[in-house]
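S.K.: For this one, chain C is given, so just place chain B on it according to the hints.
Here is what each chain is made of, one letter per residue.
There are 2 protein chains.
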Amino acid sequence: MKLLKEKIQQEGIILSESVLKVDSFLNHQIDPDLTVAMGKDFYQHFSKGKKVTKVLTIESSGIAVGLTTALEFGVPLVFARKKKSLTMNNEVFVSKVYSFTKQETNEITVSKKFLSADDHVLIIDDFLANGEAALGLVSIVQQAGASLAGMGIVIEKAFQDGGQKLRNAGFHVYSLAQIIRLDHEKKKIEFREEALV
Amino acid sequence: MKLLKEKIQQEGIILSESVLKVDSFLNHQIDPDLTVAMGKDFYQHFSKGKKVTKVLTIESSGIAVGLTTALEFGVPLVFARKKKSLTMNNEVFVSKVYSFTKQETNEITVSKKFLSADDHVLIIDDFLANGEAALGLVSIVQQAGASLAGMGIVIEKAFQDGGQKLRNAGFHVYSLAQIIRLDHEKKKIEFREEALV
Chain C
1 MKLLKEKIQQ EGIILSESVL KVDSFLNHQI DPDLTVAMGK DFYQHFSKGK
51 KVTKVLTIES SGIAVGLTTA LEFGVPLVFA RKKKSLTMNN EVFVSKVYSF
101 TKQETNEITV SKKFLSADDH VLIIDDFLAN GEAALGLVSI VQQAGASLAG
151 MGIVIEKAFQ DGGQKLRNAG FHVYSLAQII RLDHEKKKIE FREEALV
Chain B
1 MKLLKEKIQQ EGIILSESVL KVDSFLNHQI DPDLTVAMGK DFYQHFSKGK
51 KVTKVLTIES SGIAVGLTTA LEFGVPLVFA RKKKSLTMNN EVFVSKVYSF
101 TKQETNEITV SKKFLSADDH VLIIDDFLAN GEAALGLVSI VQQAGASLAG
151 MGIVIEKAFQ DGGQKLRNAG FHVYSLAQII RLDHEKKKIE FREEALV
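Protein chains in written order, with UniProt numbering: chain C, 1 to 197; chain B, 1 to 197.
One chain only, chain C, in its complex shape:
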């Protein structure tokens, strides 16, 4: 997605060879028009012959782009909640997600009321790096017995192995921007030109 790549080039801050800060438009301050454009792009890609009945994301940074995508499809958005520890609860689907950046394991939960075996779920998230969060969401879709329509990612760090892992597992992963290299010294961001689907 050209508009997104330009925004990343203009406003992304390379903190290290693996960390890119995009808090001016994606995960702290949010650019509403860009978020709508991203939702439209996901819709264009995933609506071709695929049925989608729910969009599933994870709090907090997935909510905005999840909402604009759900709006295009005309279906509800469900966001998984993150908790450090969980009181036992039979009313939720639970999955463990390890965060490499925070070096902690969170449990993510979705109420059983909002996902069922009849659902066709499109997972949307802001970042894909090692794939931990995505796999946690996949697990919740599977626990519900729902089918997975695909996974739409705003920024994929293609130099980490999450995308490869998910595609090898047979999931349909589509990323709006794939970064193949963050050059901290030269402050350069390299994108994969042809989006790998």
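The set of hints was computed from the structure by calculation and includes no laboratory data.
Please note that a few of the clues may not be correct.
[Unchecked claim] Quick list of the computed label-pair ranges, beta carbon to beta carbon:
| no. | chain 1 | residue 1 | chain 2 | residue 2 | range |
| --- | --- | --- | --- | --- | --- |
| 1 | B | Ser139 | C | Glu104 | 24 to 30 Å |
| 2 | C | Gly74 | B | Asn90 | 44 to 50 Å |
| 3 | B | Glu190 | C | Gln10 | 47 to 53 Å |
| 4 | C | Lys188 | B | Gln143 | 34 to 40 Å |
| 5 | B | Phe100 | C | Thr105 | 24 to 30 Å |
| 6 | B | Val19 | C | Ser99 | 26 to 32 Å |
| 7 | B | Lys2 | C | Asp183 | 53 to 59 Å |
| 8 | B | Thr105 | C | Glu190 | 40 to 46 Å |
| 9 | B | His184 | C | Asp118 | 30 to 36 Å |
| 10 | C | Lys188 | B | Lys50 | 38 to 44 Å |
| 11 | C | Lys83 | B | Lys112 | 28 to 34 Å |
| 12 | C | Lys113 | B | Glu185 | 22 to 28 Å |
| 13 | C | Lys186 | B | Phe100 | 47 to 53 Å |
[Stated by the list, open to error] Some chain C residues judged to face chain B by a derived CB distance under 8 Å, without partners named:
| no. | residue |
| --- | --- |
| 14 | Ile30 |
| 15 | Val36 |
| 16 | Glu59 |
| 17 | Ser60 |
| 18 | Ile63 |
| 19 | Ala70 |
| 20 | Phe79 |
| 21 | Phe114 |
| 22 | Leu182 |
Each residue gets a CB set at the ideal place from its N, CA and C atoms; glycine is no exception.
M.R.: For chain B alone, coordinates are given in the frame of chain C:
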């Protein structure tokens, strides 16, 4: 807002005389069309003669309605982050928020990059009860030296004192639905007919 009140009547679950669960359309599963309608209503109310340059909300449940409101105004959305403990950081505005439901104090933060003395800030949030979260956001606006255009609330629990406190302090508070009573026994929700502004 008629549509919202109907939705609350249909899907709201009264857990006690003070707790209403609206997770089927507002804070776990989200109804995108209703969220757009709420953004339009806030725009209609707050755009009359008021300048708004930023919409400010708090993660996670404020993000969706904050986004649709920001979209109408054509301005960025900023969401404050919640943290249990904070490493000292000169780059953020910080405010303490006590949660009565969780009985814990969180710190909410906003990067200094995204709010300045030139900003006219509209605060948007999903719930107003005792006003703790709202006052935390007001404090951040004040720390930035920005001016406060107003506060838009989706559901105000008018039987708690937050709304009164904020209005007495001179803030312009507008709520889409004001609940004056939750009758747990009869499973009845009473709204204030004329929205108090």
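S.K.: Would you mind marking each hint as holding or not holding in the structure?
M.R.: Okay, the hints, checked on the actual structure:
| no. | hint | verdict |
| --- | --- | --- |
| 1 | Ser139/B - Glu104/C: 24 to 30 Å | 29 Å, holds |
| 2 | Gly74/C - Asn90/B: 44 to 50 Å | 45 Å, holds |
| 3 | Glu190/B - Gln10/C: 47 to 53 Å | 51 Å, holds |
| 4 | Lys188/C - Gln143/B: 34 to 40 Å | 35 Å, holds |
| 5 | Phe100/B - Thr105/C: 24 to 30 Å | 29 Å, holds |
| 6 | Val19/B - Ser99/C: 26 to 32 Å | 31 Å, holds |
| 7 | Lys2/B - Asp183/C: 53 to 59 Å | 55 Å, holds |
| 8 | Thr105/B - Glu190/C: 40 to 46 Å | 44 Å, holds |
| 9 | His184/B - Asp118/C: 30 to 36 Å | 32 Å, holds |
| 10 | Lys188/C - Lys50/B: 38 to 44 Å | 43 Å, holds |
| 11 | Lys83/C - Lys112/B: 28 to 34 Å | 29 Å, holds |
| 12 | Lys113/C - Glu185/B: 22 to 28 Å | 24 Å, holds |
| 13 | Lys186/C - Phe100/B: 47 to 53 Å | 51 Å, holds |
| 14 | Ile30 | 4 Å, holds |
| 15 | Val36 | 7 Å, holds |
| 16 | Glu59 | 4 Å, holds |
| 17 | Ser60 | 4 Å, holds |
| 18 | Ile63 | 4 Å, holds |
| 19 | Ala70 | 5 Å, holds |
| 20 | Phe79 | 7 Å, holds |
| 21 | Phe114 | 5 Å, holds |
| 22 | Leu182 | 20 Å, violated |
In this structure, only the earlier hint numbered 22 is contradicted, and the remaining ones agree with it.
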